Amino acid sequence: MRKRLTLVVLALVALATSASAMAAGSQSASLTIYAAASLTDVFRAFDPAPRYSFAGSNTLETQIRNGAPADLFASAAPLNTQRLYKQGLVQRPVTFTSNRLALIVPSSNPAGITSVYDLKRKPVKLVVAGAAVPVGAYTRTVLRKMGLSSVLSKVVSQETDVRAVTSKVALGQADAGFVYVTDARAVADRVKVVRIPAWAQPRVRYEIAVVSSSTRKAAAQAWVKTLLSARGQAALKEYGFLPLPAG
Amino acid sequence: MNRGRFLTSAVGVGALTLGAPWGATAGAATEDDLAYANFGAATEFLVKDFYAKALKANVFAGTETSALKRGRSCAAQHAKALSDLLVGAGDVAPLEDDFEFEWPAKTFTSKNDALATGVGVLRVLLGAYQTAAATVTEPSHRVLYASLTASVGQQLAELAALNGGRAVEPFPVATDLEAASDALESYLG
Chain L
2 MRKRLTLVVL ALVALATSAS AMAAGSQSAS LTIYAAASLT DVFRAFDPAP
52 RYSFAGSNTL ETQIRNGAPA DLFASAAPLN TQRLYKQGLV QRPVTFTSNR
102 LALIVPSSNP AGITSVYDLK RKPVKLVVAG AAVPVGAYTR TVLRKMGLSS
152 VLSKVVSQET DVRAVTSKVA LGQADAGFVY VTDARAVADR VKVVRIPAWA
202 QPRVRYEIAV VSSSTRKAAA QAWVKTLLSA RGQAALKEYG FLPLPAG
Chain G
7 MNRGRFLTSA VGVGALTLGA PWGATAGAAT EDDLAYANFG AATEFLVKDF
57 YAKALKANVF AGTETSALKR GRSCAAQHAK ALSDLLVGAG DVAPLEDDFE
107 FEWPAKTFTS KNDALATGVG VLRVLLGAYQ TAAATVTEPS HRVLYASLTA
157 SVGQQLAELA ALNGGRAVEP FPVATDLEAA SDALESYLG
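The listed protein sequences derive, respectively, from chains L and G. Counting in the working numbering, the final residue of the first sequence is number 248, and the numbers go up one at a time with none missing. Counting in the working numbering, the final residue of the second sequence is number 195, and the numbers go up one at a time with none missing.
Everything labelled a hint here was simulated from the structure, so no lab data went into it. Given the structure is predicted, the values throughout are model-derived calculations rather than measurements. All C-beta atoms in this analysis are idealised placements derived from N, C-alpha and C, irrespective of residue type, glycine included. Watch out, some of these pointers could steer you wrong.
[Claimed, not checked] Pulled from the structure, derived: some chain G residues nowhere near chain L, Cβ distances all over 10 angstroms: (1) Ala41; (2) Phe114; (3) Asn169.
[Claimed, not checked] Derived CB-CB ranges, DEER-like: (4) Thr36/G with Lys123/L: 36 to 42 angstroms; (5) Arg196/L with Ala140/G: 41 to 47 angstroms; (6) Thr36/G with Ala231/L: 32 to 38 angstroms; (7) Arg45/L with Gly171/G: 57 to 63 angstroms; (8) Lys112/G with Ala69/L: 40 to 46 angstroms; (9) Gly96/G with Lys123/L: 26 to 32 angstroms; (10) Thr115/G with Val95/L: 40 to 46 angstroms; (11) Pro111/L with Arg76/G: 50 to 56 angstroms.
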């Protein structure tokens, strides 16, 4: 009898959870989320229902400033969300995850790069994101911290987002490029990762904010809440993102 | 140098140390100079963590813990001085929370293991500070790195003494930043 009762309770819980997920899904289906390119895989896996626009956070910031119909903005750097917040264009942003940078080289590694310092010693074709793109700014921070800014003279292409940097290296069109470790994981079969020392890592923080002009604020806030929940954080962790920073 | 001149210069260096005006002259620092400051600040946090964990491990006698406490205080002050230098140069100084230090599994299970690990880390840091003292461009920063070199050398001697050994070497090996970074990568997380 007790066993049967347990089964009934479990079935009811499952039904309730499923109904709740469906309700959340139907709510989020109406949302338009502008998100940093590095969030492409994890956001689509976490919730395929919303309409997404992935690009460099600086590009998305400009689009929102120009009145793009976004409900949520998830940026790879606080700078972009905070600028919009100060102008009243988004509600107070919250930090939801962090990340680290890595140097990637094609699997064949034609330039023989095994250390970030090799960028200075060897003739290389380097690809980075532009300085206004979060990953581009973080790249310059890494190089400055290591005393290696001079290698920027070896840059053959400046990309508009991290996905473009990743593609160029994965396709062998460049000898090396700076990306997030999460992007490196996505092309792990086509690139090798060269570790950046912990002492040279920038403080990478992702923020998300509800767009002030959104007509679906309640659904947008609910989506943020789910992203910050254990389920959201587990999804981010699964894709290699780091836990919410302390404080 | 006569006695008066010696005292004047000694007082000058003393004042520099006590006032710790490292940030004030940071504008003159080159990127290479600041790379040592970034590495040094992070490693001083690592050293501070080492002393804190060694103190918690209960493998040291009461009298021995004062050496560890002195070392922990030195590491905290070193990290602060290097952070001030970085901030003065318009850079972002690292925070202790930026790191998840990783120590080999048995590091703090015995006095010998703890001391061997601590000595290993301090030797690398000593080598990096020697190179910094010889190569940085800003004179006041050379004074800072020389001072850090001396302090880390003293800590090494204290740890070696706790292990019943000696750490007196005629020419401790200088290490460049890349080699120092590689040597400590597994600890810095």
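Hints and how they fare:
1. A Cβ of chain L approaches the Cβ of Ala41/G within 10 angstroms, the least distance being about 3 angstroms, so the stated non-interface status is violated.
2. Non-interface status of Phe114/G relative to chain L is upheld: no Cβ of that chain comes within 10 angstroms, the nearest being about 21 angstroms off.
3. Residue placement check: Asn169/G keeps its beta carbon more than 10 angstroms from all beta carbons of chain L (closest about 28 angstroms).
4. As the Cβ distance of Thr36/G to Lys123/L is approximately 23 angstroms, the hint placing it in 36 to 42 angstroms is violated.
5. Roughly 28 angstroms separates the CB atoms of Arg196/L and Ala140/G, a value that falls outside the hinted 41 to 47 angstroms.
6. Between Thr36/G and Ala231/L the beta carbon distance is about 47 angstroms. The supplied range of 32 to 38 angstroms is therefore violated.
7. Taking the beta carbon of each, Arg45/L and Gly171/G are about 59 angstroms apart, inside 57 to 63 angstroms as hinted.
8. Our hint of 40 to 46 angstroms for Lys112/G and Ala69/L is violated, since their Cβ atoms are close to 56 angstroms apart.
9. Between Gly96/G and Lys123/L the CB atoms are about 30 angstroms apart, so this pair conforms to the stated range of 26 to 32 angstroms.
10. For Thr115/G and Val95/L, the hinted distance range of 40 to 46 angstroms is satisfied, since their beta carbons lie about 41 angstroms from each other.
11. Taken as a hint, the range 50 to 56 angstroms holds for the pair Pro111/L and Arg76/G, whose Cβ atoms sit roughly 52 angstroms apart.
Violated hints, in rising order: 1, 4, 5, 6, 8; the structure is consistent with all others.
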